[in-house]
Every structure is written in structure tokens, then in C-alpha cells.
Amino acid sequence: MTVQTQLLAKAQQLCEQRGVRMTPQRLKVLALIINHHSSISAYELLDLLKASEPQAKPPTVYRALDFLLAQGFVHKVESTNSYIACCVLGHADHCSQLLICDKCGFVEEIHDDELAKLLRQKSEQYSFMIKHHVVESHGVCHKCQQTKND
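149 is the number that numbering that gives the first Met the number 0 gives the last residue of the sequence shown; the numbers go up by one with no jumps.
If you're looking for bench data, these hints aren't it; they were derived computationally from the structure.
For clarity, every value in this text was computed on a predicted model and none was experimentally measured.
C-beta atoms are modelled at their ideal positions from N, C-alpha and C, and glycine is treated no differently.
Check the hints yourself; a few may be wrong.
Think about it this way: if two alpha-carbon atoms lie no more than 20 Å apart in a straight line, the pair counts; the simulated PhoX-like pairs of lysine-lysine are [to be verified]: (1) Lys49 with Lys102; (2) Lys142 with Lys116; (3) Lys27 with Lys75; (4) Lys142 with Lys75; (5) Lys102 with Lys56; (6) Lys121 with Lys142; (7) Lys130 with Lys116.
Derived CB-CB ranges, DEER-like [as the list claims (entries may be wrong)]: (8) Arg20 with Gln144: 39 to 49 Å; (9) Gln5 with Glu113: 36 to 46 Å; (10) Val134 with Gln54: 17 to 27 Å; (11) Thr1 with Glu52: 15 to 25 Å; (12) Val134 with Gly104: 17 to 27 Å; (13) Leu98 with Pro53: 17 to 27 Å; (14) Gln145 with Pro53: 19 to 29 Å; (15) Pro53 with Asp112: 16 to 26 Å; (16) Gln124 with Gln5: 33 to 43 Å.
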């Protein structure tokens with residue numbers, strides 16, 4: 000079973016458990032994001048979706064993205080206004096860190112429970128309760144560093 004198939008099956012299972020509906024369009028948008036292997040904008044998603052659903056319009060994609068974000072199946076990369084698939088669906092305390100390559104645009108999601116714990120502890124000092132966070136770090140990925148050195 001491929002990673003894509005596993006993620007899609009897990010998303011459908013979580014929707015059933017939560018009593019929410021994973022429509023064919025939502026599933027298709029999630030599959031497109033997973034297959035992209037990097038961050039993708041809503042309009043890039045729309046172009047890809049139109050290949051199988053020519054009638055698709057921007058609201059179609061944005062409604063699907065809102066649902067997928069609410070369920071924790073995708074993350075919005077705020078700094079690039081794009082989306083990536085979550086690599087750990089159903090994680091109870093879902094706080095993520097994103098490594099974003101400024102050269103090629105590749106986005107890698109990582110999870111560091113210690114960092115999440117430190118942020119929670121620091122926020123509690125200010126009587127602030129974090130419900131969700133995504134930390135974005137910009138730099139240069141290994142592949143682009145290697146290309147620069149060649």
C-alpha cells in the first residue's frame with residue numbers, strides 16, 4: 000500500500016469516526032495535495048482538479064480546503080499561501096513545524112514534541128492557551144545546497 004493510499008484511507012476512517020462527510024471532491028483535492036509532494040496553491044489545485052472536473056470553480060477548491068484544514072488533513076503554509084498534506088493524520092496534539100526551501104519551494108513537515116511542549120509552557124506564562132500552531136522556518140534544503148556546491 001502506497002503512502003498516498005494509506006493517508007487517504009486514514010482520512011476516510013477519521014471522517015467516519017468523527018461523523019463528517021468526505022465527499023468525492025474533498026477526497027480528490029486531498030489526493031492532489033498528497034501527490035504534489037510539496038506545497039501547492041489553491042489555483043494550482045483548481046487547474047489540476049479541472050482535468051477531471053472541468054466545471055470546478057474556485058469556491059469548490061476553497062470549500063474542500065476549509066474542510067481539510069478543519070479536519071487536520073492539510074496545513075496552510077501562510078508565508079507562501081499554499082497547502083501541504085499532513086504527514087500524521089489524527090495526531091492528538093497536532094502542532095507542526097514546516098521547513099520551507101526558499102530556492103525550490105519544497106516544504107517538509109516535521110514534528111518535534113519538545114518544541115511544542117516549550118511553546119505551550121512559554122504561552123502558559125502569559126496565560127495563553129495554544130490550541131494549534133504551525134511554525135514555519137525558511138532556509139535552503141539539502142538538495143539545493145548540493146546543487147549550489149556542484
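Hint-by-hint comparison with the structure:
For the proposed pair Lys49 and Lys102, the alpha carbon gap of about 28 Å is over 20 Å, so the pair is violated. The suggested pairing of Lys142 with Lys116 is violated, with an alpha-carbon distance near 30 Å, which exceeds 20 Å. With a C-alpha separation of about 17 Å, the suggested pair Lys27 and Lys75 falls inside the 20 Å cut-off, and the hint holds. For the hint pairing Lys142 with Lys75, the CA-to-CA distance comes to about 23 Å; that exceeds 20 Å, so the pair is violated.
Proximity of Lys102 to Lys56 is assessed by CA-CA distance (about 30 Å); at most 20 Å being required, the pair is judged violated. Distance check on the hinted pair: Lys121 and Lys142 sit about 34 Å apart at the alpha-carbon level, beyond 20 Å; violated. Between Lys130 and Lys116 the alpha-carbon distance is near 12 Å, which keeps this suggested pair within the 20 Å criterion. For the pair Arg20 and Gln144, the supplied restraint of 39 to 49 Å holds, since their beta-carbon distance comes to about 44 Å.
At roughly 27 Å, the beta-carbon separation of Gln5 and Glu113 lies outside the given 36 to 46 Å, and the hint is violated. A C-beta distance of roughly 38 Å is found between Val134 and Gln54, which places it outside the suggested range of 17 to 27 Å. At about 23 Å, the CB distance of Thr1 to Glu52 agrees with the hint of 15 to 25 Å. Between Val134 and Gly104 the C-beta distance comes to about 18 Å, which sits within the given range of 17 to 27 Å.
Distance hint check for Leu98 and Pro53: the Cβ-Cβ separation is about 36 Å, which falls outside the suggested range of 17 to 27 Å. As the Cβ distance of Gln145 to Pro53 is approximately 41 Å, the hint placing it in 19 to 29 Å is violated. Distance hint check: the CB atoms of Pro53 and Asp112 are about 44 Å apart, inconsistent with the given range 16 to 26 Å. In this structure, Gln124 and Gln5 meet the distance hint of 33 to 43 Å, their C-beta atoms being roughly 39 Å apart.
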